[in-house]
Amino acid sequence: FSFAFWIKPQLLSGTLIHLSTSSLGTGTTCFPLLAFASNGSIIAQVLLTNGIIVSAIGPLLPTSSSSWIPIVQTWSSNNGLKLYINNTLVSSAVATTFLTSNSTMNYLTLGNCLNGCSSCTNGLLVSPGSFSGAIDEWLVFSRELNEDDVCAHFNAR
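Residue numbering for the sequence shown follows full-length UniProt numbering, starting at 1 and increasing by one per position.
Calculated from the structure, these hints are not laboratory results. In this text, a Cβ means the ideal position worked out from N, Cα and C, and glycines have one as well. Don't take every hint at face value.
Taking lysine to any residue pairs in the SDA-like style, the calculated list, with each CA pair at most 25 Å apart, reads [what the hints assert, rightly or not]:
hint, residue 1, residue 2
1, Lys8, Asp148
2, Lys8, Leu61
3, Lys8, Glu144
4, Lys8, Gly40
5, Lys8, Asn86
6, Lys8, Ile135
7, Lys8, Leu60
8, Lys8, Ser67
9, Lys8, Phe98
10, Lys8, Thr96
11, Lys8, Ile57
Derived Cβ-Cβ restraints for the label pairs, each shown as a range [stated by the list, open to error]:
hint, residue 1, residue 2, range
12, Leu11, Asn78, 32 to 40 Å
13, Ala156, Ser118, 35 to 43 Å
14, Thr96, Gln10, 32 to 40 Å
Starting from the given sequences, assemble the full structure and let the hints guide the process.
Below, the structure written as C-alpha coordinates:
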(Lines of atoms letter the chains of each structure in order from A and count residues from 1; the text may use other names and numbers.)
(Lines give C-alpha, C1' and ligand atoms only; values in the text may rest on other atoms or scores of the structure.)
Protein backbone atom coordinates (compact mmCIF):
# COMPACT_ATOMS: atom_id res chain seq x y z
CA PHE A 1 0.00 0.00 0.00
CA SER A 2 0.97 3.63 -0.26
CA PHE A 3 -0.30 6.92 1.13
CA ALA A 4 0.65 10.14 -0.63
CA PHE A 5 -0.30 13.65 0.46
CA TRP A 6 0.96 17.15 1.21
CA ILE A 7 1.14 18.72 4.67
CA LYS A 8 1.67 22.22 5.97
CA PRO A 9 2.38 21.71 9.69
CA GLN A 10 1.92 24.46 12.24
CA LEU A 11 3.32 22.23 15.00
CA LEU A 12 5.39 19.05 14.77
CA SER A 13 3.07 16.92 16.86
CA GLY A 14 0.02 14.72 16.53
CA THR A 15 -1.21 11.91 14.32
CA LEU A 16 -1.34 12.18 10.53
CA ILE A 17 -2.85 8.74 9.72
CA HIS A 18 -4.46 6.41 12.29
CA LEU A 19 -5.64 2.87 11.46
CA SER A 20 -8.34 1.16 13.52
CA THR A 21 -11.01 -1.52 13.30
CA SER A 22 -13.59 0.82 14.87
CA SER A 23 -14.95 4.12 13.59
CA LEU A 24 -14.12 5.49 17.05
CA GLY A 25 -10.38 5.01 16.45
CA THR A 26 -10.18 1.93 18.70
CA GLY A 27 -10.83 -1.76 18.11
CA THR A 28 -8.90 -5.02 18.04
CA THR A 29 -6.29 -3.41 15.79
CA CYS A 30 -5.46 0.27 16.20
CA PHE A 31 -2.26 2.28 15.89
CA PRO A 32 -0.86 5.42 14.22
CA LEU A 33 0.51 4.66 10.74
CA LEU A 34 2.13 8.08 10.42
CA ALA A 35 2.63 10.69 13.14
CA PHE A 36 5.13 12.88 14.93
CA ALA A 37 7.34 11.73 17.80
CA SER A 38 7.67 13.77 20.99
CA ASN A 39 10.89 15.33 19.60
CA GLY A 40 9.04 16.47 16.44
CA SER A 41 10.47 13.95 13.98
CA ILE A 42 8.00 12.29 11.61
CA ILE A 43 7.56 8.52 12.04
CA ALA A 44 5.99 5.96 9.69
CA GLN A 45 4.89 2.67 11.29
CA VAL A 46 3.38 -0.71 10.50
CA LEU A 47 2.08 -3.35 12.89
CA LEU A 48 3.53 -6.79 12.16
CA THR A 49 1.47 -9.96 12.39
CA ASN A 50 3.33 -10.81 15.64
CA GLY A 51 1.98 -7.60 17.23
CA ILE A 52 5.24 -5.62 17.13
CA ILE A 53 5.28 -2.12 15.65
CA VAL A 54 8.14 -1.40 13.23
CA SER A 55 9.04 2.25 12.66
CA ALA A 56 10.86 4.27 10.00
CA ILE A 57 12.06 7.48 11.65
CA GLY A 58 12.24 10.59 9.51
CA PRO A 59 13.66 14.06 10.14
CA LEU A 60 12.24 17.18 11.73
CA LEU A 61 10.14 19.06 9.19
CA PRO A 62 10.05 22.82 8.75
CA THR A 63 7.04 24.67 10.14
CA SER A 64 6.25 27.50 7.77
CA SER A 65 2.92 28.94 6.79
CA SER A 66 3.97 29.05 3.13
CA SER A 67 5.59 25.62 2.61
CA TRP A 68 3.71 22.49 1.57
CA ILE A 69 5.69 19.27 2.15
CA PRO A 70 5.04 16.13 0.08
CA ILE A 71 4.90 12.94 2.20
CA VAL A 72 4.69 9.33 0.97
CA GLN A 73 4.51 6.21 3.14
CA THR A 74 4.77 2.83 1.39
CA TRP A 75 4.76 -0.78 2.49
CA SER A 76 5.16 -4.09 0.68
CA SER A 77 6.16 -7.54 1.87
CA ASN A 78 9.14 -7.44 -0.51
CA ASN A 79 10.48 -3.97 0.27
CA GLY A 80 9.17 -3.28 3.77
CA LEU A 81 8.28 0.15 5.12
CA LYS A 82 9.50 3.34 3.40
CA LEU A 83 9.08 7.03 4.14
CA TYR A 84 9.62 9.68 1.46
CA ILE A 85 9.72 13.41 2.12
CA ASN A 86 10.11 15.95 -0.70
CA ASN A 87 10.43 13.06 -3.20
CA THR A 88 13.45 11.62 -1.35
CA LEU A 89 13.60 8.34 0.55
CA VAL A 90 14.49 9.45 4.09
CA SER A 91 13.93 6.24 6.08
CA SER A 92 13.07 2.57 5.70
CA ALA A 93 12.61 -0.49 7.88
CA VAL A 94 12.37 -4.23 7.33
CA ALA A 95 8.74 -5.31 7.69
CA THR A 96 7.72 -8.39 5.71
CA THR A 97 4.26 -8.70 7.29
CA PHE A 98 1.48 -6.25 8.10
CA LEU A 99 -1.39 -6.93 10.50
CA THR A 100 -4.78 -5.80 9.26
CA SER A 101 -8.15 -7.29 9.86
CA ASN A 102 -9.50 -9.43 7.04
CA SER A 103 -12.75 -10.09 8.88
CA THR A 104 -13.80 -6.54 9.75
CA MET A 105 -13.57 -3.11 8.17
CA ASN A 106 -10.43 -1.05 8.69
CA TYR A 107 -10.78 2.71 9.21
CA LEU A 108 -8.19 5.33 8.32
CA THR A 109 -8.51 8.62 10.19
CA LEU A 110 -6.62 11.72 9.04
CA GLY A 111 -5.16 14.22 11.46
CA ASN A 112 -6.37 12.55 14.66
CA CYS A 113 -6.54 9.24 16.52
CA LEU A 114 -10.03 9.87 17.98
CA ASN A 115 -10.61 7.65 21.05
CA GLY A 116 -7.54 5.57 20.16
CA CYS A 117 -5.04 8.15 21.36
CA SER A 118 -4.74 6.55 24.79
CA SER A 119 -6.09 3.04 24.25
CA CYS A 120 -4.14 1.87 21.17
CA THR A 121 -0.59 0.65 20.66
CA ASN A 122 1.46 3.71 19.73
CA GLY A 123 4.95 2.38 19.02
CA LEU A 124 7.56 5.13 19.27
CA LEU A 125 4.91 7.83 19.54
CA VAL A 126 4.76 9.07 23.10
CA SER A 127 1.99 11.61 22.59
CA PRO A 128 -0.36 10.91 19.68
CA GLY A 129 -3.24 13.32 19.21
CA SER A 130 -4.60 15.96 16.86
CA PHE A 131 -2.39 17.24 14.04
CA SER A 132 -2.12 21.03 13.88
CA GLY A 133 -1.79 22.13 10.27
CA ALA A 134 -3.24 21.39 6.85
CA ILE A 135 -3.43 18.18 4.77
CA ASP A 136 -4.08 18.27 1.02
CA GLU A 137 -4.33 15.90 -1.96
CA TRP A 138 -4.48 12.72 0.14
CA LEU A 139 -4.27 9.58 -1.99
CA VAL A 140 -4.43 5.89 -1.07
CA PHE A 141 -2.91 3.22 -3.32
CA SER A 142 -3.36 -0.53 -3.01
CA ARG A 143 0.23 -1.04 -4.16
CA GLU A 144 3.66 0.18 -3.19
CA LEU A 145 4.72 3.27 -5.11
CA ASN A 146 8.33 3.07 -6.30
CA GLU A 147 10.74 6.03 -6.42
CA ASP A 148 9.78 6.90 -10.01
CA ASP A 149 6.07 6.87 -9.07
CA VAL A 150 6.73 9.14 -6.09
CA CYS A 151 8.64 11.68 -8.21
CA ALA A 152 6.15 11.57 -11.09
CA HIS A 153 3.19 12.04 -8.77
CA PHE A 154 4.55 15.06 -6.95
CA ASN A 155 6.26 16.67 -9.94
CA ALA A 156 2.87 16.71 -11.69
CA ARG A 157 1.51 19.16 -9.10
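Verification of the supplied hints:
A distance of roughly 24 Å separates the Cα atoms of Lys8 and Asp148; the hinted pair therefore holds under the 25 Å criterion. Restraint check: the Cα-Cα separation between Lys8 and Leu61 comes to about 10 Å, which is no more than 25 Å; the hinted pair holds. Distance check on the hinted pair: Lys8 and Glu144 sit about 24 Å apart at the alpha-carbon level, within 25 Å; holds. Proposed proximity of Lys8 and Gly40 is supported: the alpha carbons are some 14 Å apart, at most 25 Å.
As the CA atoms of Lys8 and Asn86 are separated by approximately 12 Å, the hinted pair is consistent with the 25 Å bound. Using a Cα cut-off of 25 Å, the hinted pair Lys8 and Ile135 holds, with the two alpha carbons roughly 7 Å apart. For the hint linking Lys8 to Leu60, the alpha-carbon distance of about 13 Å falls within 25 Å, and the restraint holds. Taking the CA atoms of Lys8 and Ser67, the gap is near 6 Å; set against the 25 Å cutoff, the hint holds.
The straight-line distance between the Cα atoms of Lys8 and Phe98 is roughly 29 Å, outside the 25 Å bound, and the hint therefore fails. The straight-line distance between the Cα atoms of Lys8 and Thr96 is roughly 31 Å, outside the 25 Å bound, and the hint therefore fails. With a C-alpha separation of about 19 Å, the suggested pairing of Lys8 with Ile57 holds against the 25 Å cut-off. Distance hint check for Leu11 and Asn78: the Cβ-Cβ separation is about 35 Å, which falls inside the suggested range of 32 to 40 Å.
Between Ala156 and Ser118 the C-beta distance comes to about 39 Å, which sits within the given range of 35 to 43 Å. Hint check: Thr96 to Gln10, Cβ distance near 36 Å, so the stated range 32 to 40 Å holds.
Going through the hint list in order, the structure does not satisfy hints 9, 10.
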